[in-house]
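Got chain S; can you put chain U on it based on the hints?
Protein chains in written order, with our numbering: chain S, 39 to 514; chain U, 60 to 240.
Since the hints were derived computationally from the structure, they do not count as laboratory data. Even for Gly, the Cβ is constructed at its ideal location relative to N, Cα and C.
Taking lysine-lysine and the DSSO-like style, the derived pairs with C-alpha atoms no more than 27 Å apart in a straight line are: (1) 229/U x 511/S; (2) 246/S x 199/U; (3) 246/S x 82/S; (4) 66/U x 229/U; (5) 187/U x 246/S; (6) 338/S x 199/U.
Here are some chain S residues the structure puts well away from chain U; computed CB gaps all over 12 Å: (7) 61; (8) 89; (9) 181; (10) 399; (11) 421; (12) 480.
Spelled out from the first residue to the last, the chains are:
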Amino acid sequence: MASSGKSAVVKAPEPPAELVRESLVLNNRSLGWITNAIAGVCEKPMPMWWWPAFIVSVGGMLTMFALIAYLVSTGVGVWGLNHPAAWAWDITNFVFWIGIGHAGTLISAVLFLLRQKWRTSVNRAAEAMTIFAVACAGIFPVFHTGRVWFALLPGYLLPAPNANAIWPQFRSPLLWDVFAVSTYGTVSLLFWYVGLIPDLATLRDRSKGVMRRFFYGLFSLGWTGSNRHWSNYEKAYLLLAGLSTPLVLSVHSIVSFDFAVSVVPGWHTTIFPPYFVAGAIFSGFGMVLTLLIPLRSLFKLEDIVTLRHVDLMCKVLLATGSIVGYAYGMEFFIAWYGGSPYELYAFKNRAFGPYWWSYWAMISCNVISPHFFWFKKLRTSVVFVWIVSIFVNIGMWFERFVIIVTSLHRDYLPSSWGYFTPSWVDIMTFAGSFGLFMTLFLLFIRFLPVIAISEVKGVTPQADPHHPLGGAKGHH
Amino acid sequence: MNSNRSKPHGLLAEFHTAADIFEAAMRCRDAGFTQWDVYTPFPIHGMDEAMGLRKSPVGWFTFCGGFTGFFTGMTMIWYMNKFDYPLVVGGKPLFTPLYAFPVSYEMTILLSAFGTLFGMFFLNQLPKFYNPLFKNERFKKSTDDRFFLCIEATDPKFGMDVTRTFLTEKCHAAVVELVED
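Isolated chain S, as found in the complex (with noise of 0.2 Å):
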């Protein structure tokens, strides 16, 4: 017994250092002053660096949109297609940036289930970058169709009946994959704007001019923070947050369905679907660290996303870049162990046949690049992890370049043998979904709270009525 006295207040012994977490804003920054660090990134004037980021992204989105047109009005000839590789880049484009967006639902929804806290200073920049991210990854598939018309008409994508009063036929994953991308676009919308009301409430009381002030009103539906509000709004958040969680694991799952469910050795596997899914999360954290690291250095957020956020995202880059350098080594033990001599065909030809340069480029990016994480001292290295991150971007495109074009470029028969080059309308109309996503990117950076300010306020002491720094006098 540490105490035999007859004193009423009970002394809980302090934990040990090592235990202590580390606060989720640094310098025990108060509730005004995190309103003023966030909202003053977009109340004042842009730096200097914004326009001519912004001016460069606006060119090739406009860019992307010119070669789009040339694609519409000539034909899809104008990309490198051939006729093994039905599918190249474009595909490839749509599944990387489809996948990037997974680690903003990730954030937003899955952490938020595991009651995570970290995730509120980084889930409103990453559920931005889902929603521009699943834009850009729409065009492809939608562009890649050639007449596009037909198929934003009824009968191909749309369930009304064609010409010849034929539905659409649902037992192809291709048509589930137009369901489950738009429901996810859809989605990942709503959550953001639901997580945003508040805070448009807040830049609506701060603003000054009439045009802020009249728009920030408009879109944040007259909030007042009554807590009768609250609670209903909590409670939306959180089944927002159960519902997106199967979404997005059911997303990617159904762009693998694209692939598994046909009979090309290197696609057949059924392992795609969580190996996507790892794949996915694994993109869009290393996206998310690729924006987030400037981000917070330009704008001196550095006490809210801090290096334990980085830290923590290193891990999931960790342990997802396991997972997929796992899935990598699987399909190679199958197709040896599954005995068919196509399939184990087309993993050699990945290995060491004509695009052997893009499958090793793929594991040196996605395999190794991971384990640096294993030592602390490069989490936290900033400068060390953004480029880690920028080698996870390339290395999940290539991942997506190789499973569709090596499995395609060599059918059953050599007489359908072929090989893909990219034309430079491929080139330039990828590059130019950067310029789209970008453009998107500086725009939120340039209107809306790129944190979330409610959120971030709540996980903060202060925010505690039962703590010494929220007001509580006394024991409770």
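This is chain U only, laid out in the frame that chain S set:
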């Protein structure tokens, strides 16, 4: 307006810490007020109990949305691929819930999400662009770092002087009167 004194909306009390508003909310609940609310920049953990609120019914809207979505998906696919224009593809059955599942699953989630969002808007009566609270300049801090409690004049227990005394003496808050047009 022919009177220079507008109709009172209620009394607004301002607090500086989460603990203070938490305490005040419990006092209001125990005093038996019904037409009152607290306004905070973020949801305060445990405030629903402190105010004596019932559990939010948003989940029912989610459920109705999801139920509608799932059966819309299944019915749509059955109608299109089996009933209206049966077309044999690869010798597979014209309809089974198995191949209809992925699309129905996505529709379940889509309509659940819409049900949740619009259910929340409906329960919170949003959008609501006019609010007497917005006329108070101090109230703008409610989305920044201040905490407010408003007891409305429509509350049966409301009395301008009694309630003001209750808020200042019992809850130790700075109190102002709110008016409607």
